[in-house]
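Peer 1: In order, the protein sequence lines correspond to chains A and B. Letter by letter, the first sequence follows residues -3 to 379 of our numbering. Letter by letter, the second sequence follows residues -3 to 379 of our numbering.
Since the hints were derived computationally from the structure, they do not count as laboratory data. It is possible that part of the hints are untrue.
Copies of the same chain look alike in the list, so a pair counts if it works inside one copy or between any two.
What the hints assert, rightly or not - Below are the PhoX-like pairs computed for lysine-lysine, each with C-alpha atoms no more than 25 Å apart in a straight line:
(1) Lys127 <-> Lys215
(2) Lys49 <-> Lys279
(3) Lys325 <-> Lys353
(4) Lys225 <-> Lys323
(5) Lys152 <-> Lys41
(6) Lys99 <-> Lys215
(7) Lys84 <-> Lys225
(8) Lys221 <-> Lys84
(9) Lys224 <-> Lys323
(10) Lys149 <-> Lys112
(11) Lys99 <-> Lys43
(12) Lys84 <-> Lys224
(13) Lys215 <-> Lys47
(14) Lys152 <-> Lys323
(15) Lys323 <-> Lys206
(16) Lys99 <-> Lys49
(17) Lys225 <-> Lys49
2 protein chains.
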Amino acid sequence: MPKREFLLSPGPVNVPRRVSLAGAAEMVHHRSEEFGELMQAIDVKLKKIFKTKNFIVYLASTGTGGMEATVANLLNRSNEAIVVEGGKFGQRWRELCQAFQIKHHVIPLDWGRAVKPEQIEQALKAHPRAKFVFTQLFETSTGTAYDIENIAKVTKRHEAILVVDAISSLGAVPLETDAWGIDVVITCSQKSLMLPPGLAFVSLSERAWKVVEQSDLPKYYWDFKAYKKNFPYTPYTSAVSLLRELNESLDIIDEEGGVGARLCKFEGYAQATRAAIEAMNLKLFSERPGAVCTTVQVPTGISDKAIMENLRQEFQIKIEGGQDHLKGKILRIGHIGDVMAKDVLGTVAALEITLHKLGHKFELGAGSRAAIESFVGATVMTK
Amino acid sequence: MPKREFLLSPGPVNVPRRVSLAGAAEMVHHRSEEFGELMQAIDVKLKKIFKTKNFIVYLASTGTGGMEATVANLLNRSNEAIVVEGGKFGQRWRELCQAFQIKHHVIPLDWGRAVKPEQIEQALKAHPRAKFVFTQLFETSTGTAYDIENIAKVTKRHEAILVVDAISSLGAVPLETDAWGIDVVITCSQKSLMLPPGLAFVSLSERAWKVVEQSDLPKYYWDFKAYKKNFPYTPYTSAVSLLRELNESLDIIDEEGGVGARLCKFEGYAQATRAAIEAMNLKLFSERPGAVCTTVQVPTGISDKAIMENLRQEFQIKIEGGQDHLKGKILRIGHIGDVMAKDVLGTVAALEITLHKLGHKFELGAGSRAAIESFVGATVMTK
């Protein structure tokens, strides 16, 4: 059985015990009346996190399944798409377009940069046949939040369908699905929703459903129309235990003041961490950080592995390194899931001890002081 | 929260508490060393249930996802397939072929009939371009087991790839993947493996992998090659809590004497139930029953709903009715999952009380006596 670790990863995250135990209840049938009632209760609460009245599709899959399903449901073989590629998850949109042989135009970004709404506008002008924009809300591989509010203004102007991968970030980075007019939003269970992996959720606007009607790509398990038709049941078996955990988690989020309080909480954690990082003589990596995770440049002369291993062995804290060409160059410190302010403060202090031990030059205690000052100065709720 | 019911459904099934609590342990990262070790331990044990040395793909999806993935990975647009359609799940193979625009030839069966190996042979002869046979091991909608051992001899002779949906039946109906030479076997978590829904497993022979290499249907999340390349990790996030439950469940199966003992146990339950059904002046529905569930014709003058509702309200026992055109005509009594002999005996007795109350004519006590005699006569382990 794996050892206990406190997860400060951008997902998977720590799952509250109350949530886990809700999943351990006796099994019920996914065609029972009780299960239908459970799904309806979940749906009301999940729509508050999505900030939408749109229909939400409940998939038994992880987030990438939600991305594949979105491509398979929205597109026609003859469609063209714009893809924002600023990291590993933008790359995934590109690879999905390749897999489905969809003609696509990539907006390449240096990893750590945020796409500018003007770049989307230029791409849509340069490729007038492209009526789909695939992007992230938060590029988890680089710790970068994109300006979806203003990107949505551009796509609306060009009558393009905006598809936002908010897999790591819904409930951690602000997103107003209906107010901003986002056509498709995807998220999953093991991030801000504090569940184990195994569920993906996709919301679709009326405009997106019209496009779904015309799609000719092959799908069956992924077919969104079947999910709409069968609600509050799923067309195939539901992942019952995970959905019960979702219900419990959504109750906790409500009890703690709703999604607004939650966004403030994680943003407070991220701000405190960023302040501490700079006070420890380290450099932040992303030009537009967000509250899912903070990305930090690995200081010269110290290996990322040594830092992660020390945190893991001495403090049972799991943070993550970089992916692909950022391997060895950055660290990613997560803020989401079942995390309290004391965990953030304790992790900053543990990082100080670790860096000191590994010979990094900085004023011992400066990181913790900066984090404390950040919490003191913050008006946001950070319980 | 849904009320407690004892599930005697062909899936979902009752999950042992030990299994549920294994899933409620603290989350671990799906890229950690510990998780890799867990997957390797699981794989050794699951191969014993599959009776195979073949590679097994672990999908975060339910069984239908495993079926879609199989079609998307095996076939070329130009391929033709033979589909056995003897119920709702054979129909699913047909619908999948339609969704992926694969030319297919259906062997239609009256629901409740088992396909004969000669019918497969005739179809392969009539359609020499069809080199794939899609079938079930157990057609759950009719309670019918197919003779896969002899069907495999036919497909081998014709060098066709045999794909067996054993979603409800692996670990409940005998299947020798390697000894019989089955190319592809699919199963899922919420049946004989006694887990909540959310995992699908697909084993592929060397011959099947060669076909996978040539497939040109679009896929990404489903791409089996990525699963093979990344083992013991999955290419995308793993459904960690369900996999931990799987590990626990496989340990229980081992402790109880392995898959052989398990097959005997469920077959003993099914035999006792069939004996009881006939002794209660009811008729069995399937011509070739198996141990997943027993299908029973609803007696004239009594509604299936009245029987199911009485069992549910008075005894908290959940059995299932028929699907599609069998709705109202049959009952399905499950035998798999966390079920003990006393549950089978108690359910037979509860069914006697229910039928008596609803005015069905039979000798009260005859069903229970027949079930008891069946257990007494059985040499199989039925603990």
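Peer 1: Confirm or reject each hint.
Peer 2: Checked hints:
no., hint, in the structure
1, Lys127 <-> Lys215, "both (21 Å within a copy, 22 Å between copies)"
2, Lys49 <-> Lys279, "neither (41 Å within a copy, 50 Å between copies)"
3, Lys325 <-> Lys353, "within (19 Å within a copy, 74 Å between copies)"
4, Lys225 <-> Lys323, "between (44 Å within a copy, 20 Å between copies)"
5, Lys152 <-> Lys41, "neither (27 Å within a copy, 53 Å between copies)"
6, Lys99 <-> Lys215, "both (19 Å within a copy, 16 Å between copies)"
7, Lys84 <-> Lys225, "between (34 Å within a copy, 18 Å between copies)"
8, Lys221 <-> Lys84, "between (29 Å within a copy, 20 Å between copies)"
9, Lys224 <-> Lys323, "between (41 Å within a copy, 23 Å between copies)"
10, Lys149 <-> Lys112, "within (12 Å within a copy, 62 Å between copies)"
11, Lys99 <-> Lys43, "neither (33 Å within a copy, 41 Å between copies)"
12, Lys84 <-> Lys224, "between (31 Å within a copy, 21 Å between copies)"
13, Lys215 <-> Lys47, "neither (28 Å within a copy, 31 Å between copies)"
14, Lys152 <-> Lys323, "neither (37 Å within a copy, 48 Å between copies)"
15, Lys323 <-> Lys206, "neither (42 Å within a copy, 34 Å between copies)"
16, Lys99 <-> Lys49, "neither (31 Å within a copy, 41 Å between copies)"
17, Lys225 <-> Lys49, "within (17 Å within a copy, 41 Å between copies)"
Of the numbered hints listed earlier, those contradicted by the structure are 2, 5, 11, 13, 14, 15, 16.
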